[in-house]
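Colleague: If you want the building blocks of each chain, they are given just below.
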Amino acid sequence: MSKQYLTAHTIDNAHESSIYALGVTAGYTLTGSGSSAIKLHSTEDATHPLVHTFIDAHKLGCHHISVSKTGNRAISAGFEGSVKIWDLENLEANGEIPEANKGGQVWAIALSADGSRCLTGSHNGRVKIWNIDKEPFLQLRDYETKNIFTLCVDFNTDGRLAASGHENGGVYIFNNETGRMLHSLTGLMKPVRSISFSPSGKLLAVCGDFQVVAVYDVHSGEQVFNFTGHTSWVFSIGWSETGQYLVTSSFDGKTKIWSMDSRTCVTTLGESNQPIFRASFLPKIGSGENLVTVGPAITYYREASGAGTG
Amino acid sequence: MSSILEDQYDFDLSKVIELYQNQTPIKDDDGSEYFGWSDEDAAAVDDGDTNIALIDESQFLDLTTPIFTSTTEADISGTIATGINEDILPPIQTDTISKLPAGYETTSVQLPSTTQISSEIPQSVTTAAAETSIDPTTDSTIDPQIPELDIESRLHKMFLENREDETVSITWGESDNSSRPSAWVLEKIDEVFAAWLDVIDSKGKLVVKLKVCEKMVLRSSRNQPRRFWRTLVYPGPSPRDNQRFGAFVRVLELVREAIKLDKIYTKRDIYYKDIALFGSQQTVDKLVDDIASALGVPRRSLHITAAAKGLICGDLSIFKTDGSIINCNIEGEGVLIPSSTDIKKVEIRDSDTVLIIEKEAIFRTLAESGDWKRLPGRPILVCGKGYPDIATRELAHFLYLTKSLAGQYLDFYCLVDYDPHGLDIYTMYKNGSLSSRSTGMFYEQMAVPALRHLGVKFCDILEYCSVDGSMSQTIEDSGVISTDNGEEPRSKRLRYTSSPPQGLLPMTAHDRAKAVSMLQRDRNTVAAEHTDDLRKLLFVGYKAEIQVLGDQLVRYLDEKLGGQRIGLAS
Numbered sequence: 001m002s003k004q005y006l007t008a009h010t011i012d013n014a015h016e017s018s019i020y021a022l023g024v025t026a027g028y029t030l031t032g033s034g035s036s037a038i039k040l041h042s043t044e045d046a047t048h049p050l051v052h053t054f055i056d057a058h059k060l061g062c063h064h065i066s067v068s069k070t071g072n073r074a075i076s077a078g079f080e081g082s083v084k085i086w087d088l089e090n091l092e093a094n095g096e097i098p099e100a101n102k103g104g105q106v107w108a109i110a111l112s113a114d115g116s117r118c119l120t121g122s123h124n125g126r127v128k129i130w131n132i133d134k135e136p137f138l139q140l141r142d143y144e145t146k147n148i149f150t151l152c153v154d155f156n157t158d159g160r161l162a163a164s165g166h167e168n169g170g171v172y173i174f175n176n177e178t179g180r181m182l183h184s185l186t187g188l189m190k191p192v193r194s195i196s197f198s199p200s201g202k203l204l205a206v207c208g209d210f211q212v213v214a215v216y217d218v219h220s221g222e223q224v225f226n227f228t229g230h231t232s233w234v235f236s237i238g239w240s241e242t243g244q245y246l247v248t249s250s251f252d253g254k255t256k257i258w259s260m261d262s263r264t265c266v267t268t269l270g271e272s273n274q275p276i277f278r279a280s281f282l283p284k285i286g287s288g289e290n291l292v293t294v295g296p297a298i299t300y301y302r303e304a305s306g307a308g309t310g
Numbered sequence: 001m002s003s004i005l006e007d008q009y010d011f012d013l014s015k016v017i018e019l020y021q022n023q024t025p026i027k028d029d030d031g032s033e034y035f036g037w038s039d040e041d042a043a044a045v046d047d048g049d050t051n052i053a054l055i056d057e058s059q060f061l062d063l064t065t066p067i068f069t070s071t072t073e074a075d076i077s078g079t080i081a082t083g084i085n086e087d088i089l090p091p092i093q094t095d096t097i098s099k100l101p102a103g104y105e106t107t108s109v110q111l112p113s114t115t116q117i118s119s120e121i122p123q124s125v126t127t128a129a130a131e132t133s134i135d136p137t138t139d140s141t142i143d144p145q146i147p148e149l150d151i152e153s154r155l156h157k158m159f160l161e162n163r164e165d166e167t168v169s170i171t172w173g174e175s176d177n178s179s180r181p182s183a184w185v186l187e188k189i190d191e192v193f194a195a196w197l198d199v200i201d202s203k204g205k206l207v208v209k210l211k212v213c214e215k216m217v218l219r220s221s222r223n224q225p226r227r228f229w230r231t232l233v234y235p236g237p238s239p240r241d242n243q244r245f246g247a248f249v250r251v252l253e254l255v256r257e258a259i260k261l262d263k264i265y266t267k268r269d270i271y272y273k274d275i276a277l278f279g280s281q282q283t284v285d286k287l288v289d290d291i292a293s294a295l296g297v298p299r300r301s302l303h304i305t306a307a308a309k310g311l312i313c314g315d316l317s318i319f320k321t322d323g324s325i326i327n328c329n330i331e332g333e334g335v336l337i338p339s340s341t342d343i344k345k346v347e348i349r350d351s352d353t354v355l356i357i358e359k360e361a362i363f364r365t366l367a368e369s370g371d372w373k374r375l376p377g378r379p380i381l382v383c384g385k386g387y388p389d390i391a392t393r394e395l396a397h398f399l400y401l402t403k404s405l406a407g408q409y410l411d412f413y414c415l416v417d418y419d420p421h422g423l424d425i426y427t428m429y430k431n432g433s434l435s436s437r438s439t440g441m442f443y444e445q446m447a448v449p450a451l452r453h454l455g456v457k458f459c460d461i462l463e464y465c466s467v468d469g470s471m472s473q474t475i476e477d478s479g480v481i482s483t484d485n486g487e488e489p490r491s492k493r494l495r496y497t498s499s500p501p502q503g504l505l506p507m508t509a510h511d512r513a514k515a516v517s518m519l520q521r522d523r524n525t526v527a528a529e530h531t532d533d534l535r536k537l538l539f540v541g542y543k544a545e546i547q548v549l550g551d552q553l554v555r556y557l558d559e560k561l562g563g564q565r566i567g568l569a570s
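Sequence order for the protein chains is A and B. The first sequence begins at 1 in full-length UniProt numbering and counts up by one. The second sequence begins at 1 in full-length UniProt numbering and counts up by one.
Keep in mind that a hint or two might mislead.
Unchecked claim - Pulled a few chain B residues facing chain A out of the computed Cβ check, cut under 10 Å: (1) LYS457; (2) CYS459; (3) THR531; (4) LEU538.
Simulated from the structure, these hints should not be mistaken for laboratory data. Heads up, the beta-carbon is just placed ideally off N, CA and C, and yes, glycines get one too.
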């Protein structure tokens, strides 16, 4: 059963250059680009006006943003290598991880659901956990992998597990309580660009240049199934709030929504062939699963389901 | 390379220093002491050399050729006559003078025995006579063609035993003398040669310290060039040191010659003057750059230009100052770009576009097939073979200021690899070179501000090289179940084997560092075009060479140039 989507709103000139980073809370849509500023557009307002700008966040541009599920905090990573923390309640900077780059420049970042822990993955494959509850921000864990570029990291909902994806296709799941590697998932031979625990924490979805969306059972480490259909590098992956749907976006400009029930692609979006670097479901309001994508522009999509109000 | 040599030198020297620690303090940098030496010494030097020449003339003739040609010998004699003690030794016969460089070479090796007998210079005459048998070996160390190992080791031993006294005869660490004329360079070189004559007859080694820049051209990522001291020692602990020193002297001489005769030599010319001595073109390039950098002058002040490297092909003629005309519309190949000082004017006939190409292979493909004639605008092809040399950039600038016969200024496009270096080359053509600015050389006259980046661009990868639909079908069932991992599924394990499209390569750590440093460098640049590409390179993690276009090259250029012409900039 397919879903119908309409383009609800497009912000073309949000940034002067391509948009790489996206973080969505109930209140704000945070975007980071080649420019030094991080912009906050309203998520719930239908016209999505610009509500705030973090000026000079990252001098060389920002490539990743992660927000907490509670929506109170965000972190961002810049091309120059710094990791900054933002307070979304007071809309102010909350410091930065001082020695984030010690022992390898940070590339991938993730924030725990409550915003108290930060996960970083670096160029040399080191995966670290930081306590960013209060300063000084201390390093809690330091996982060493095979010295391969870390492209993506993620926490599960309760923060007990962490996962990382690497340039050589390596995927690792760590148990943060014991500090040990739980699983090393092999078989993906190409860069893993995005990795995400399901809301229930039972599944781990992985995507990348192998063009397949692979879903693993976190407990056993087995690949449960995979989605095929993308014909280019897949850049981002995200779960809907209920865990029923997955959204992926790819280099050739396509955004796809996959149903976990029917295990099929229910929608393919994308008119241009400009890369879509990130796609994310919006916090659920009503029955429809709305989403936002970034790449050349910020685009909001609204589900036009028959069951909904239309 | 030099650092390795230095290390060897230090290692050997340390032993020597132990032996001679208290006898001879090592002098550091008091160059003036040597420049201010008395006339008596100078007389003694010439005296000694005259005598050496009298002892045996013929044997020096072929020995000296690898280092000193007849023309330069004459120059050296001129130096001594004019620069040092004209009054004292006016009637020097030419043949005697011509042996002087040979004397310098030989005495420097003989000196061990000189020191044993006496340090007084007049007595070195007898020493020289005694030691002449060793002279051929001196050259064997300089000429790599004659490897005589036991002699070398003998010499080597001699050096260690007797040449403990390190004497700095040149210390060049000038900052910015770019405004100084070539005559000033000439003076500096003459000073050096004069100073050496003294050191040769003392107990010292010849030591040259040059303050040089790291990589003159390529270092565009840093704002401030890193400068360090490069040291040459003669006689050094290994034959290679001596050869290096010989090469250094030879380059200095040729610079003198070039300035005196008001000629311009290319680095290639210099290399061919003495292939055996230099060994490789790189040696010459490095030495010339080092000398220019140490004196703080642009290379042009040395009367040396880069070896012609750039290629041009197109519907134009270059009129040179010597009256000759280069027709660049030759079937099948490009023409080497001459130095800008040789170009009088350029006549552009039927072209209204210039296409600057990074890669020689692509240039040759287009030139040999004649495809360039069928491309929109009949582009003039310019190729700098990677980072462009000065002549290529100056010609591009020259074309930028020149109207075609139709009275139009030309459009400029650049086709470079999609990687940090390709984008750096693009900005180098467009803005002039940053590195040259930091060394005090102003090359704004090399910029082509109107240059546009034609490709290869980020979006082209998508369009022209299929990121391919076949990939997802190439999922292979490896069928192999590894038993060493309990977590492995018992049944099948999927292995996705597919390589990126041809020409796509993963970004290396070096590429990433280069891209970030370029972003740092250009963060205030208003034109964000190439910085956006740099970020995409970093984010996507793949770079592409022009070859990614493969067979599509001509179609690609046709569409891109055509699109540009009707205002559909991609």
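Colleague: Under 10 Å is the threshold here; is the Cβ of B/LYS457 close enough to any Cβ of chain A for the hint to stand?
Modeller: violated (12 Å)
Colleague: Taking 10 Å as the limit, does the beta-carbon of B/CYS459 come near enough to a beta-carbon in chain A?
Modeller: Hint holds; B/CYS459 Cβ to chain A Cβ min 8 Å, cut 10 Å.
Colleague: Hint validation: B/THR531 versus chain A, beta carbon distance must be below 10 Å. Holds or violated?
Modeller: Nearest chain A Cβ about 7 Å off; hint holds.
Colleague: Identify whether the interface hint at B/LEU538 stands, where standing means a beta carbon of chain A within less than 10 Å of its own.
Modeller: holds (6 Å)
In summary, the structure is inconsistent with hint 1 from the numbered list given earlier, while agreeing with all the others.
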